[in-house]
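Student: With the hints as extra help, turn the sequences into a complete structure.
One-letter residues, chain by chain:
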Amino acid sequence: MVGLSAGEKNFLHGGIDQDLRSDGRNRNTYRPISVETGVIPQANGSARVRIGATEVIASVKAELGRPAALQPDKGKVAIFVDCSPVANPVFEGRGGEELSLELSVALQQCLLGGKSGAGAGIDLSSLMVVEGKLCWDLYIDGLVVSSDGNLLDALGASIMAALSNTGIPRVQVAAAASGDEEPEVDISDEEYLQFDTSGVPVIVTLTKVGRHYIVDATSDEESQMTTAVSISINRKGHICGLTKRGSSGLDSSIISDMISVAQHISVQLFDKLDTQISAAEADE
Amino acid sequence: MRDIQLPLNQTQKVRLQRALQQLESLYGNVHSGNSVTVADTIPVNYDDGVLRGHGTMDRDGQVVATLCGVVERVNKLVYVRTLRARYKPEVGDIIVGRVVEVAPKRWKLEINCNQDAQLMLSSMNLPDGIQRRRTAVDELNMRSIFVENDVVCAEVRNCPNEGGVQLQARSQKYGKLEKGQLLTVPPYLVKRQKQHFHHLEQDGVDLILGCNGFIWVGEHVEARDSMIVDQVNNAPGETSLETRQKICQIANAIRVLSTLGFNLNLEVILETVNLSTKLNLPINEMLGSEFHVLVAEREAERRSSKNTKRKG
Numbered sequence: 001m002v003g004l005s006a007g008e009k010n011f012l013h014g015g016i017d018q019d020l021r022s023d024g025r026n027r028n029t030y031r032p033i034s035v036e037t038g039v040i041p042q043a044n045g046s047a048r049v050r051i052g053a054t055e056v057i058a059s060v061k062a063e064l065g066r067p068a069a070l071q072p073d074k075g076k077v078a079i080f081v082d083c084s085p086v087a088n089p090v091f092e093g094r095g096g097e098e099l100s101l102e103l104s105v106a107l108q109q110c111l112l113g114g115k116s117g118a119g120a121g122i123d124l125s126s127l128m129v130v131e132g133k134l135c136w137d138l139y140i141d142g143l144v145v146s147s148d149g150n151l152l153d154a155l156g157a158s159i160m161a162a163l164s165n166t167g168i169p170r171v172q173v174a175a176a177a178s179g180d181e182e183p184e185v186d187i188s189d190e191e192y193l194q195f196d197t198s199g200v201p202v203i204v205t206l207t208k209v210g211r212h213y214i215v216d217a218t219s220d221e222e223s224q225m226t227t228a229v230s231i232s233i234n235r236k237g238h239i240c241g242l243t244k245r246g247s248s249g250l251d252s253s254i255i256s257d258m259i260s261v262a263q264h265i266s267v268q269l270f271d272k273l274d275t276q277i278s279a280a281e282a283d284e
Numbered sequence: 001m002r003d004i005q006l007p008l009n010q011t012q013k014v015r016l017q018r019a020l021q022q023l024e025s026l027y028g029n030v031h032s033g034n035s036v037t038v039a040d041t042i043p044v045n046y047d048d049g050v051l052r053g054h055g056t057m058d059r060d061g062q063v064v065a066t067l068c069g070v071v072e073r074v075n076k077l078v079y080v081r082t083l084r085a086r087y088k089p090e091v092g093d094i095i096v097g098r099v100v101e102v103a104p105k106r107w108k109l110e111i112n113c114n115q116d117a118q119l120m121l122s123s124m125n126l127p128d129g130i131q132r133r134r135t136a137v138d139e140l141n142m143r144s145i146f147v148e149n150d151v152v153c154a155e156v157r158n159c160p161n162e163g164g165v166q167l168q169a170r171s172q173k174y175g176k177l178e179k180g181q182l183l184t185v186p187p188y189l190v191k192r193q194k195q196h197f198h199h200l201e202q203d204g205v206d207l208i209l210g211c212n213g214f215i216w217v218g219e220h221v222e223a224r225d226s227m228i229v230d231q232v233n234n235a236p237g238e239t240s241l242e243t244r245q246k247i248c249q250i251a252n253a254i255r256v257l258s259t260l261g262f263n264l265n266l267e268v269i270l271e272t273v274n275l276s277t278k279l280n281l282p283i284n285e286m287l288g289s290e291f292h293v294l295v296a297e298r299e300a301e302r303r304s305s306k307n308t309k310r311k312g
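If you're matching them up, the sequences are chains A and B in order. Under the UniProt record's numbering, the first sequence is numbered contiguously, ending at residue 284. Under the UniProt record's numbering, the second sequence is numbered contiguously, ending at residue 312.
No lab work stands behind these hints, which were simulated from the structure alone. Check each hint, because a few of them may be wrong.
List time: in silico BS3-like cross-link candidates among lysine-lysine, alpha-carbon distance up to 30 Å [said to hold, decoys possible]: (1) B:LYS88 - B:LYS13; (2) A:LYS236 - A:LYS61; (3) A:LYS244 - A:LYS61; (4) B:LYS76 - B:LYS88; (5) A:LYS74 - A:LYS236; (6) B:LYS108 - A:LYS9; (7) B:LYS309 - A:LYS272; (8) A:LYS9 - B:LYS13; (9) A:LYS76 - A:LYS61; (10) B:LYS76 - A:LYS9; (11) B:LYS306 - B:LYS173; (12) B:LYS108 - B:LYS173; (13) A:LYS9 - A:LYS244; (14) B:LYS108 - B:LYS76; (15) B:LYS13 - A:LYS272.
Pairwise CB distance ranges, derived in the manner of DEER restraints [unchecked claim]: (16) A:GLN18 - B:SER171: 26 to 34 Å; (17) A:GLU102 - B:LEU51: 30 to 38 Å; (18) B:GLN12 - A:LYS244: 33 to 41 Å.
The beta carbon of each residue, even a glycine, is placed where N, CA and C say it ideally should be.
Tutor: Okay, here's the thing in structure tokens:
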């Protein structure tokens with residue numbers, strides 16, 4: 001990636017200090033967001049989200065599997081992210097692996113909660129079919145198509161849109177199989193259950209550039225960041241996960257300040273996404 | 001018409017489509033004989049002999065286009081000039097580039113061309129302004145003039161056939177650009193004009209439309225003769241809020257026009273800025289879909305009124 005000259009860096013920092021960024025936004029404003037759903041017909045649910053010049057696609061695939069032995073009453077969710085070399089030539093070959101892994105881990109932390117499954121944004125118990133024997137495995141895949149900063153927020157939004165687009169087939173369990181036998185199931189082709197997304201959080205990333213922190217940073221702004229804190233917040237305003245990138249440390253008072261700002265912004269983000277998602281669903 | 005990716009609602013979609021259709025109908029048949037797509041036959045006069053140039057091939061005795069673009073004819077030579085491609089330099093073009101490397105006696109600049117351009121130390125005006133041979137000391141001090149990632153404005157000196165673009169910056173108007181932002185648009189949107197440097201006096205903004213599609217919008221800098229060394233020593237003064245607002249407004253106007261695929265010149269840019277001022281639109285909302293539609297409608301109106309004037 002091409003860097004910025006000293007003059008441009010000064011201009012960028014000055015803009016953030018004066019609360020007027022290069023594209024005329026304030027520190028707390030998002031770029032225009034657009035959502036398209038049902039972009040991948042083979043998947044159970046999919047969505048494409050654009051935030052400014054950043055574009056990501058998320059798809060959800062559901063498969064029947066066996067629940068983990070430790071959590072017999074819960075389904076499983078796996079999140080993977082891939083960075084396409086279309087977005088940036090650096091991602092070619094294995095170049096995007098590091099970023100992909102970082103994003104996947106951050107998303108898992110923000111959406112799936114702890115190891116025990118507690119605090120998960122996605123309701124895992126709704127994925128259970130027969131306790132201890134049969135459950136739905138959700139494979140959530142994200143693809144970065146075009147990258148202009150703030151990938152995590154875009155991926156979070158696209159996963160939320162994809163999940164609200166997801167229909168999980170209704171399963172009829174034939175007879176209660178006894179003992180260790182596999183239960184016989186009949187997967188319906190017509191009847192789908194809408195996935196409940198009321199608990200799915202949005203991710204708000206606050207990027208610290210200079211003395212201030214900004215929301216929805218472009219890649220130019222990200223190149224000047226010292227730290228970035230990603231906070232995932234659900235509709236109730238509760239924090240579901242928190243990750244921090246960047247090497248420099250943060251004062252705890254700043255973090256709590258950031259959290260309250262993020263809570264405020266998440267309300268607007270939910271509103272925006274809800275209208276966009278419902279418009280996209282209507283368009284389909 | 002290229003797909004414009006904007007979140008539009010139903011009425012906006014219809015309005016945008018109508019505006020674009022109107023634009024297309026105005027210019028639809030002007031160049032129709034001249035523009036080709038892949039596999040189109042190019043009509044040529046075989047008696048005079050034909051030299052097949054770029055983007056053409058011989059197929060069953062006919063000249064066929066292998067690229068999409070406009071057919072250009074120079075005497076016997078027939079070639080296709082592609083529309084959506086990288087920048088192709090021509091002598092005298094004013095370009096904006098970014099330094100990617102400081103090499104012996106030269107800087108290498110990224111100018112959105114298929115090759116990096118070279119700006120020789122000997123084709124620069126030195127800071128002291130004296131014409132003299134460049135010494136080894138000058139060469140060692142090159143980084144005091146431009147360093148990597150600096151944005152530089154220059155002129156194309158020559159572009160020899162074997163490749164390699166040579167630049168020069170022999171006047172005070174060229175040189176390092178600071179206090180502003182660089183925008184990248186497709187190079188075909190910037191046509192060659194008489195004037196590429198614009199100083200918008202009432203706003204105190206400099207606007208440089210580089211032919212390579214790099215556009216500089218920044219705070220106005222008075223006469224750059226004492227540029228370079230002195231300016232680095234000066235503490236960079238803050239850009240005032242009003243100037244910054246103007247810079248952002250102009251930059252966003254350019255972004256809107258380039259998304260819509262309209263040619264960029266001062267007149268159109270200022271008109272877009274005025275439109276947003278008249279609507280009292282916050283600067284960041286200029287990038288919203290409603291403003292895009294308004295600009296498209298206005299442009300259609302402007303061009304059609306121009307067309308009737310020309311006819312009448």
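Student: Taking each numbered hint in turn, which are not upheld by the structure, reported in ascending numerical order?
Tutor: Structure breaks hints 1, 7, 8, 10, 11, 14, 17.
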